[in-house]
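**Student:** The chain contents come next:
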Amino acid sequence: MEFSFSSSASKIVHSTAFTSLESGDALMLGVACLLIYLAIWKKFEPLLLLPMGFGCLLANIPMSMMASTDTGGLLNFFYQGIKHEILPPLIFMGVGALTDFGPLLANPTTLLLGAAAQIGVYMTLIGAVFLGFNMQEASAIGIIGGADGPTSIFLASKLAPHLLAPIADAAYSYMSLVPLIQPPIMKFLTTEKERKIKMEQLKPISQTVKIIFPVAVTIVCCLMLPGVTPLLGMFMLGNMFRESGVTARLHETAETHLINIVTIFLALAVGSSMTADTFLRIETLKIIVLGLLAFSFATVGGVLFGRLMCKLTGGKVNPLIGSAGVSAVPMAARVSQKVGSEADSSNFLLMHAMGPNVAGVIGSAVAAGVFLSLFGDVGGGIDTHAALAPVIGNPEPGIQALATVVDAIKR
Amino acid sequence: MEASVSAAVNVSILAMSVIFTVLIILIFTIKLLVKLIPYKAPPAPPARKVSASSPSGQDDQVAAITASLAAHMGKRPDEFRIVNIQSR
Chain A
297 MEFSFSSSAS
307 KIVHSTAFTS
317 LESGDALMLG
327 VACLLIYLAI
337 WKKFEPLLLL
347 PMGFGCLLAN
357 IPMSMMASTD
367 TGGLLNFFYQ
377 GIKHEILPPL
387 IFMGVGALTD
397 FGPLLANPTT
407 LLLGAAAQIG
417 VYMTLIGAVF
427 LGFNMQEASA
437 IGIIGGADGP
447 TSIFLASKLA
457 PHLLAPIADA
467 AYSYMSLVPL
477 IQPPIMKFLT
487 TEKERKIKME
497 QLKPISQTVK
507 IIFPVAVTIV
517 CCLMLPGVTP
527 LLGMFMLGNM
537 FRESGVTARL
547 HETAETHLIN
557 IVTIFLALAV
567 GSSMTADTFL
577 RIETLKIIVL
587 GLLAFSFATV
597 GGVLFGRLMC
607 KLTGGKVNPL
617 IGSAGVSAVP
627 MAARVSQKVG
637 SEADSSNFLL
647 MHAMGPNVAG
657 VIGSAVAAGV
667 FLSLFGDVGG
677 GIDTHAALAP
687 VIGNPEPGIQ
697 ALATVVDAIK
707 R
Chain B
194 MEASVSAAVN
204 VSILAMSVIF
214 TVLIILIFTI
224 KLLVKLIPYK
234 APPAPPARKV
244 SASSPSGQDD
254 QVAAITASLA
264 AHMGKRPDEF
274 RIVNIQSR
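In order, the protein sequences belong to chains A and B.
As numbered in this note's numbering, residues 297 to 707 make up the first sequence, in order.
As numbered in this note's numbering, residues 194 to 281 make up the second sequence, in order.
These aren't lab readings, by the way, just hints derived from the structure by calculation.
Please note that a few of the clues may not be correct.
Cross-link-like lysine-lysine pairs, in silico, DSS-like; alpha carbons within 30 Å at most [as the list claims (entries may be wrong)]: (1) A:Lys582 - A:Lys483; (2) B:Lys228 - A:Lys494; (3) A:Lys492 - B:Lys224; (4) A:Lys634 - A:Lys607; (5) A:Lys612 - B:Lys224; (6) A:Lys494 - B:Lys224; (7) A:Lys607 - B:Lys228; (8) A:Lys489 - A:Lys612; (9) B:Lys233 - A:Lys499; (10) B:Lys233 - A:Lys612; (11) A:Lys494 - A:Lys612; (12) A:Lys607 - B:Lys224; (13) A:Lys499 - A:Lys607.
Given the sequences, and given the hints that come with them, work out the whole structure.
**Tutor:** Now the structure itself:
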């Protein structure tokens, strides 16, 4: 092989990514740096935005093979975890292991606040359709109002995978902005007197009830909405680890190491889907605006329903706990506590707000289940022949395959 | 799929109805569970007797510790009182 210094130097120069760097890539590198900045210096959901921003950074370096669409690339493998619905349910298992349903079980009517806050999902759905998205896309965008990252990713990957990046980005960004978005709406919709309402102490709940509850939720919800079983089933399994008292090691793993590892994979995979061609579109701007509306309407729905419950119970419910129905555990509950304590420093709403907060998680999962029932391909999405082909070759489908077997037996 | 605003409104009404139905079923399930399996407070641990004065047989130890502490803190022995000594 002949070696020429000039030709080799030229070859090295042409093999650098600078020669392939386009304006879109450069802009996305800027977006990645912005996400990293928001995570580190502004503390906006750093556990997610930091790896997501870095994933975006890696994906937008030309020739790096790190985008989610680069078959054989590292992050393409991580992305399979989203594509095949593995990572969001695993996150839900960890969330279940961290969740105490005690406040919800002590005051089960707060489940209605979790349902009312889902109004944000549907107002956004209508807004998205108005802006020109089709029903599947609008559903995936609307679920941002559920304020639940894994649910948003789960639904987007099923109904509108091409919008996954902006939806995940909007969902997590606005979740981190809950302490800024919610308080003005909560104060505007409630009176000083209502904000000062002190709620009765919650009754203790039998441990047996806490153990039976996840099984009951799984049976009721998953039988009604089977599409949501991967999310809700894993959520309740994680909670069983916590409450059963016999799986301390599994509980500890699910609520610490497992959720941390899966968070890294999930956030990197979402970041790797943020490439110029999927992100730098007018739809992204629309989704960011719709995401803000989703969170705002969800808060409005929760607080107004809280006011209704306040009237119906003769002033026993503080309407501020309604805003916690948007999910975003536990930040939304903390916001209820903070706004309540601003009105009366001796008012402690945190535990009361945890009820609607975890109800919001169930509510948003149910909302996702409804969308999957309406627009998804529940139970019919698996092509058995295609799945078996790598293992047993290309079997003939249906009756033909059966006839082949019968012939073989006859012979 | 047709995506009109009226269709989206219909979907929203239907979906909210389903969500409220599912969660109302859950509310009744929880109420039933709580009624069938009421909370029972765990038995209180046996109360430990705390004597106001030092038990018999510890007088010498109390005197010795009181004297040492008084010397250490620079106070008179009658300015403070040791009420209990427990061995680990």
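**Student:** Can you confirm whether the C-alpha distance between A:Lys499 and A:Lys607 stays at or below 30 Å?
**Tutor:** Cα-Cα ~22 Å, so holds.
**Student:** Given the hinted pair A:Lys607 and B:Lys228, is their alpha-carbon gap at most 30 Å?
**Tutor:** Satisfied, since the Cα-Cα distance of roughly 26 Å is no more than 30 Å.
**Student:** Checking one constraint from the list: CA of A:Lys582 to CA of A:Lys483, max 30 Å. Satisfied?
**Tutor:** 27 Å, holds
**Student:** Within 30 Å, alpha carbon to alpha carbon, are A:Lys494 and A:Lys612?
**Tutor:** Holds - the C-alpha atoms of A:Lys612 and A:Lys494 are around 8 Å apart, at most 30 Å.
**Student:** Are the Cα atoms of A:Lys634 and A:Lys607 separated by 30 Å or less?
**Tutor:** 22 Å, holds
**Student:** Please work out if B:Lys228 and A:Lys494 have their alpha carbons no farther apart than 30 Å.
**Tutor:** Measuring from Cα to Cα gives roughly 26 Å; hence the hint holds.
**Student:** Do the alpha carbons of B:Lys233 and A:Lys499 lie within 30 Å of each other, as the hint requires?
**Tutor:** 11 Å, holds
**Student:** Between A:Lys612 and B:Lys224, does the CA-CA distance stay at or below 30 Å?
**Tutor:** 19 Å, holds
**Student:** Hey, B:Lys233 versus A:Lys612, does the alpha-carbon distance stay inside 30 Å?
**Tutor:** Measuring from Cα to Cα gives roughly 26 Å; hence the hint holds.
**Student:** Does A:Lys492 pair with B:Lys224 here, judged by a C-alpha cut-off of 30 Å?
**Tutor:** Holds - the C-alpha atoms of B:Lys224 and A:Lys492 are around 28 Å apart, at most 30 Å.
**Student:** Between A:Lys607 and B:Lys224, does the CA-CA distance stay at or below 30 Å?
**Tutor:** 22 Å, holds
**Student:** Quick one, are A:Lys494 and B:Lys224 close enough, alpha carbons at most 30 Å?
**Tutor:** 23 Å, holds
Comparing the model with each earlier hint shows no violations; every hint is respected.
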